[in-house]
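Peer 1: Kindly produce the complete structure, drawing on both the sequences and the hints.
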Amino acid sequence: MHDLGYDAAHLLGAVVLLMSFALLYQRRLFALLHVFTAQALALSAAAAWQGYIQHAPHLYVTALLTLGLKAIVMPVALHRIVVKLNIHRTIEPALSVGLTMLAGVSLVTLSILLVMPVTESASALTREDLALSLSVVLLGLLMMITRRNAVSQVVGFMSIENGLILAAVGVAGMPLIVEMSIAFSVMVAFIVFGIFLFHIRERFDTLDMQKIESFRGESH
Amino acid sequence: MAFVVSAIVGLLLLAAVGVAASRIPFARGIVYGGTGALCTLLALWSVLSLAGGAGTEALALPLGLPWMTAHVRADALSAVFLLVVNLTGATASLFGWGYERAHHDARSGPVLPLYPLFIAGMNAVLIADDAFGFLVAWEFMSLASWLLVLSTHRDPDTPRAARIYLIMASFGTACLLLAFGLLAGAHGDYRFDAIRSHAPEGWAATLGVLLVLVGAGSKAGLVPLHVWLPLAHPAAPSHVSALMSGVMTKVAVYAITRVLFDLIGEPLWWWGGVMLVLGAVTAIMGVLYAMLQDDLKRLLAYSTVENIGVIVAALGMALVFKAAHVPVIAALAMSAALLHVINHSLFKSLLFYGSGAVLSAVHSRDLGRMGGLIHRMPVTAVFVLVGAAAISALPPLNGFVGEWLLFQAILNGPALPQWSLKILIAVIGAALALAAALAAACFVRMYGTAFLGRPRGREAEEAREVNAAMRLGMAVPAVLCVLLGVLPTPLLRLFEPATRLMVDAGPFDDRAYQPWFWLAPTSAIGNSYNGLVMALVIGVLSMVLVVAIHRWASAKVRRSIPWGCGYDGLDPLAVTQYTASSFGQPIRRAFGSTVFRARDHVDMPQPGDTRPARFHVTWTDPAWHAIFTPLVRLVARLADLVNRLQFLTIRRYLMLMFFALVVLLVMVAVTQR
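Protein sequences, first through last, are from chains A and B. To convert, note that position 155 of the first sequence is 155 in our numbering; the numbers rise steadily by one, no gaps. To convert, note that position 135 of the second sequence is 1135 in our numbering; the numbers rise steadily by one, no gaps.
FYI, nobody ran anything at the bench for these hints, they're computed from the structure. Hints may contain errors.
Claimed, not checked - Going by beta-carbon spacing under 10 Å, a handful of chain A positions derived as facing chain B: (1) Thr37; (2) Leu110; (3) Leu114; (4) Ala122; (5) Leu125; (6) Leu138; (7) Leu142; (8) Ile145; (9) Arg147; (10) Arg148; (11) Val151.
C-beta atoms are modelled at their ideal positions from N, C-alpha and C, and glycine is treated no differently.
Peer 2: Here it is, written out as structure tokens:
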């Protein structure tokens, strides 16, 4: 009964989800990036652990990729962007923290209610894992819509990608190519967003979406 | 079957000739001649097919999407409607050829390429055997007729008419699309055979039937969906108006018949009740509208609305009797409906040809500019008189036979089990009788104003008789009107396979012996009609009357200049004679003041003022007023709301996606329980 593999995988997945919640209530940009790094680390550990219990060496590659890109390169790069652009460091959430948390909890409930009956034939680990990763994806979306700051929207987007990778590593037999493509897509997104941020900065002198929107002629 | 398909292909080729009309010599003759010849052949084919018992022929054509084949099929019902379409198609080609020579407007849009396409589309609807083919052909027919309406785009009224027509046609097709989706149900097989064998039941069937009634009814012109019809039908060239009014509405009737009597299986009785009410309201409203019109072609278009009401009421009768399992009387009502379909196609096309002839002679559709045309255009006047008498259901013409049959079915109303229907049918009978009487008044008004009296304008004074092709085009339906009125029984025999297919009985089933000159379809009441005797009696009485008048009355007539009533230099008879509007005034006062809010306004100058007094009539269409204007306002408001979606912030767009995702996930979670 006391299956260490299952428990540890569950724990790591739960940590990823917990970090998603932590992302939701961060009020400062650097803290946000730190929490994101922690999530990436947890994800990397989860991938490595899955590689160990599934005896799938390619998951170690995924773990390394996640570690390198998500936990090191991207936080450092975003950190540098924030410093270089001298972005206002506090974040104005569009929704109060309490409400955001409530919404997050309901989303997790929804995804558990959704995944559990659908995947009755799958193993318990896969089911838990899918529920957790769907929650992470939904929380990432929630973060994207409750934040006004462009950098935090980028972070929200990348936490969606984390959720996807969590789902991918949890299912046994997923070929490496999928993880590669996900990693690359995140990379591309990062580049796009980076360029996007620079351009916005050059044009409008702000990264606050509310201020940017007022530049559109027909908007209110 | 293969012949019908190849004829349709032939029509498409003729359309190609029409496209290159400017480079091909005698293109007009080729297109109209070819279309007329193909229509004649198709009509002959359907007559032969019906006479031979009308077996069902089906064919699968490798058309459409790669994994599908188009199914076509002709049974007795298709054959009846093919006959109706192509008979009028043939006369319209003949008339149109003459009409375009007499009345050619160099600035008008192209008619030649579209005319064969329109006829091909209507034929294709009638032989389609799957919902895809049906809808494609239906839309083909709608769009071709829409372009034909647009050919007179220089007229100031045409763009609005075409726009409303396009909206209503799209709405109708959308309804039919949904209806076929419901009829095909979950198994997703859109062949009519499959729908027939898995006909839906319960609310899906009811909703499908109502959608078909709305979708096809908007094409047929059921009130209150008729609003496009009196705008679009008159706007087209006259031979196309004849086709749209006389035939395209019948294709819609075909759609209703095909679904309600064939595809749906066992009908519910109250569907027939809905059709009866719709039909009766349409008939009365249509003829009241017609009574108000001063535009000749618009009057005819509103009269089409009335006749569609009669046909739909007859179909409703057939449906309630079919649902009550009284097949003999259902067959009687079905025969009445089919007979009225072909009758209306004949006399309505005849009247539209007549209006085209008048239009090409007087250059106006306004009744107030006509008058006395019987002297200038005697041949046209005789043909239009036949058409007007037929549409007014006067014996011994064909209109009378159709109405007579329908009333035989109505008189059998007490044979139904439902008390509500027994009472309803009595009311419907009264309403249809009222509509018939009003139609007679309406056509007396039309004929009297246009052809009798004195000319009301210079054009009417100088009108010339139309060319031989147009006269021949009018002669054929006029002769058929008389022939079918005098000898209806052979035609009803011809249509018997169709009624048998639809309601499992023929109109003569309870009569062992039925002579060809005697119409006594059901022994339930024992009534009978003999067109020959009727024609003979009317002929003899008319002779006697004519002789008597010439012998005694005309002998005392002397011609002299009458007192001029104080008019200086004007023909007092031309100025003081009844106008279209004054003739219609009693009926307008009696019915129109409440239904249409018709008001007469007299602008009387003060004493000493030398300007003439003016009189004008205003009226509003309750369908516009109560349904379409609010609807248009609602659509505009919704469009404004939707337009705001174009200007949201990025975060709001993300929010929309997020909520859509969450709602869908919740739906999945709930339905998984």
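Peer 1: So which of the earlier hints does this model not fit?
Peer 2: Of the numbered hints, 1, 4, 5, 11 do not hold.
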